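Undergrad: Each chain, letter by letter, is given below.
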Amino acid sequence: MKIYVCCKQVPDVAMTIQIKDGKFISEGMNYVLNAYDASCVEEALVLKEKYGAEVTLVLIGDEAGKEALRKGLAMGADNAFHISDPALNNLGSQAAAKVLQAFFKGRDFDFILTGKQAQDSDMGLAGGILSGLLNLPYVTNAVGLDVQDKMIVVKRQGDEGVEVLHMPMPSLITCSNDMNDPRIPSLKGIMASKKKPMEQVSLTDLGLSADEVLKESQKSSLKSFGLPPARKAGAKIEGDAQTLVATLMEKLTKEAKVL
Amino acid sequence: MNKIVSALGKFSLLLPGMPGFEAFERDVVLKLTPEAVLRPHTKMELLEIVKICQKEKIPYTATACRTSVTGASVSDRGILISLEKLNRVLTRPEPHRYGMSVQAEAGIMLKDFQKAVEDKGYFYPPDPTSWEEIQLGGSVATNATGENSYHYGSSRNYILGLEYIDKNGNLVWLERNLNPLNLPKQKNLAGYSLELEPLDLLIGSEGTLGIITEIKALLLPKPNAFLSLMLFVKNETEALRLAQRLDQHKQSLHLICLEYMDEPATQFIKKRSSRFFVPQGCSSLYIKTETPEGKTVEEFEDEFLQLVCELYSQSISMSPELIDHSILAKDYLELLEFRRMRHHVPATINEISVVNQKTGGGKVSSDWWVPIEHLVEHFAWMREEIKKLNLPSAIFGHIGNGHPHVNIMPKTAEEKQASIEFTKKCMLRAASLGGGVCGEHGLGKIKTWALPLQWDQVSIDKMKSVKAEWDPEGLAAPGNIFV
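In the order they appear, the protein sequences are chains A and B. Residue 1 is where the first sequence starts when you use the numbering used here, and the numbers rise one by one after that. Residue 260 is where the second sequence starts when you use the numbering used here, and the numbers rise one by one after that.
In case anyone wonders, no lab produced these hints; they're calculated from the structure. Note that the coordinates shown come from a computational prediction; the quantities given were computed from them, not determined experimentally. Certain hints may be false.
[Unchecked claim] Short derived list, chain A residues pointing at chain B, Cβ under 10 Å:
#	residue
1	V13
2	T16
3	L33
4	A35
5	D178
6	D181
7	P185
8	K188
9	M191
10	D211
[To be verified] Just the calculated beta-carbon pair ranges, DEER-fashion:
#	chain 1	residue 1	chain 2	residue 2	range
11	B	D561	A	D62	19 to 25 Å
12	A	L244	B	M303	26 to 32 Å
13	B	T671	A	D159	34 to 40 Å
[Claimed, not checked] With a Cα cut of at most 30 Å, we get these calculated BS3-like pairs of lysine-lysine:
#	chain 1	residue 1	chain 2	residue 2
14	B	K684	A	K236
15	B	K290	B	K554
16	A	K66	B	K481
All residues carry an ideal CB built from backbone N, CA and C; glycine is no exception.
Construct the entire structure; sequences and hints are all you get.
TA: Here's what the structure looks like:
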């Protein structure tokens with residue numbers, strides 16, 4: 001099997017996010033592999049260990065992207081493609097999907113995995129747009145994967161429960177980070193990752209021009225960043241159990257009106 | 260009780276039997292019922308409470324989150340005063356002659372304090388194992404250390420000033436003159452630090468000299484990226500020798516933490532994380548390094564891993580497959596996972612202890628330390644003693660400081676007594692090797708007998724005269740440190 005995982009590097013969201021004049025301050029931030037993509041890598045590696053597969057990573061990004069790819073390689077992926085070009089900075093979802101479409105043109109694969117969204121923008125668009133451009137069957141929000149009789153068995157978290165879908169190969173699947181706990185790379189994996197192939201790909205290699213990418217990028221634009229408003233202070237209820245329950249019921253029925 | 264109600268009844272008293280009272284009766288090892296618990300909303304209210312206690316001769320003990328493993332934060336004499344509502348950061352980071360400083364109330368949770376200074380681009384290094392569930396004041400009153408103390412030292416090294424309530428019910432500010440970073444970064448010795456400045460008496464005094472109300476802390480610039488590595492080793496002696504070799508390369512590896520978990524402790528972490536494989540029959544070392552100035556993480560990682568692998572391979576020549584399982588954490592969440600995993604070990608032991616307490620046992624833990632060159636020999640001697648005891652044990656801790664936490668888990672009162680005798684022997688031997696009987700937990704109420712294992716009578720008399728001078732009525736945290 002040939003599995004591709006589309007990855008993105010994102011600011012380490014556990015760090016303090018700083019925004020000034022509507023702009024995100026990237027200085028001092030660590031960039032890490034998007035957690036949803038890390039779950040894709042983990043699931044691909046589980047399938048590789050179970051059935052045998054080649055796991056290939058692909059990422060669009062600047063130098064910081066290389067570290068995210070190294071992380072995936074250290075986890076156990078076999079090789080990686082790093083698509084890098086000055087014209088690819090701050091890509092919108094549409095443009096990213098267009099670049100990936102060019103990358104996958106003429107390539108053989110059984111399925112493509114990608115995070116259902118990226119932790120930085122949380123848009124969750126690129127996977128769906130890419131499936132459309134590649135004309136691939138597509139399923140979102142996967143929480144489990146297996147392979148049976150040359151079909152991909154996808155468990156996806158739907159609104160009313162877990163649905164099980166049998167997808168043909170090739171397909172594109174976007175994955176939830178609820179799917180697994182990605183492994184922490186071993187020392188051996190990290191040492192090995194430094195020798196694994198990471199091919200640099202430019203826009204020219206993909207047969208695209210900067211203008212074409214710019215045109216796609218302009219289909220959507222990011223106006224500004226802002227922090228969510230501070231949460232209002234909660235109300236503290238005190239007293240014995242009877243008072244607590246009575247007060248809480250009163251508030252839930254009359255104030256919040258949720259009961 | 261009537262005396263307390265009549266003297267302090269105007270405050271909101273939490274009395275036995277009231278909802279929420281039970282939480283104040285127990286730390287990790289002791290259950291003691293105070294006559295009342297008070298939770299002042301302001302410093303002035305706290306001051307008034309302490310003044311009344313002093314006037315009416317009511318014993319008072321400051322309590323934080325009761326994670327103490329010595330009974331220091333619980334009491335059955337007089338009242339407990341919780342500082343949980345005095346939890347504000349009071350200043351912005353400000354220039355100080357020794358760096359940057361910030362002032363905060365003692366009841367702030369340490370993790371909230373650290374997050375607040377981190378958000379401003381600074382770093383407050385003390386990081387006790389239970390950093391997520393303790394207060395800043397409690398950490399100073401016990402001179403808390405933690406895994407990073409291997410490089411950064413203890414809480415004392417970051418305290419520039421303290422405010423406390425003295426024997427006359429006055430707020431007194433004590434400012435440090437010397438640069439705390441220049442103080443020795445060794446682990447604690449039991450009792451008071453007599454040779455340093457007045458505020459050093461309060462740091463580590465376990466509440467016995469008065470209640471600390473405010474703290475001025477020294478901040479460091481936010482450190483560069485960390486890397487954490489967990490190495491599995493088949494044999495304890497090999498693991499300890501590896502720790503010694505790593506310690507010899509502390510500077511070039513930029514190590515800030517060097518921790519050990521013996522085989523039972525390592526197996527405890529197996530249950531904690533599904534993100535890596537814990538091999539059977541192994542002890543482990545957990546190390547952390549900080550990327551030095553002027554180098555990228557990648558550049559430093561290459562050098563660091565090369566040297567670590569060189570040292571590590573000497574320890575696993577009989578089981579080279581262990582390199583497949585040794586793991587490296589780089590991003591924040593992985594580092595946090597490592598830290599929580601490490602914290603999971605004492606948490607598991609504490610859970611076992613609570614079960615054992617029902618049959619008269621519990622856990623007997625010690626935190627003696629020895630100079631690192633004596634580690635292998637002291638461990639060999641101790642293992643023979645544990646064999647004689649024939650009781651379950653788990654050892655983990657700050658091996659880079661020669662400071663393991665040895666936990667014996669007795670099920671009966673008899674077994675507990677035998678474990679205490681064993682612990683006394685370990686402490687005495689540690690002190691005779693130039694170490695300490697109690698590196699970070701303090702003596703609290705259950706280890707007051709350990710003071711003479713560390714100090715001669717002249718030193719103990721000096722400490723007692725300090726106590727008599729600062730708290731002549733013996734009202735502050737009675738039962739802690741001294742019998």
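Undergrad: Run every hint past the structure and note whether it holds.
TA: Verification of the supplied hints:
1. V13: Result: holds, 8 Å to nearest chain B Cβ.
2. T16: holds, 5 Å
3. L33: Given a least distance of 8 Å, the restraint on L33 (chain A) holds.
4. A35: Holds: closest Cβ of chain B sits about 8 Å from A35 (chain A), inside 10 Å.
5. D178: violated, 13 Å
6. D181: holds, 5 Å
7. P185: holds, 6 Å
8. K188: holds, 5 Å
9. M191: holds, 7 Å
10. D211: With Cβ-Cβ at 34 Å, over 10 Å, it is violated.
11. B:D561 <-> A:D62: 19 to 25 Å: holds, 21 Å
12. A:L244 <-> B:M303: 26 to 32 Å: Holds, since L244 (chain A) and M303 (chain B) (Cβ atoms, about 30 Å apart) stay within the stated range.
13. B:T671 <-> A:D159: 34 to 40 Å: Once the Cβ atoms are compared, 55 Å apart, the range 34 to 40 Å for D159 (chain A) and T671 (chain B) is violated.
14. B:K684 <-> A:K236: violated, 50 Å
15. B:K290 <-> B:K554: violated, 51 Å
16. A:K66 <-> B:K481: Measuring from Cα to Cα gives roughly 25 Å; hence the hint holds.
The structure does not agree with the numbered hints 5, 10, 13, 14 and 15 stated previously, though it agrees with the rest.
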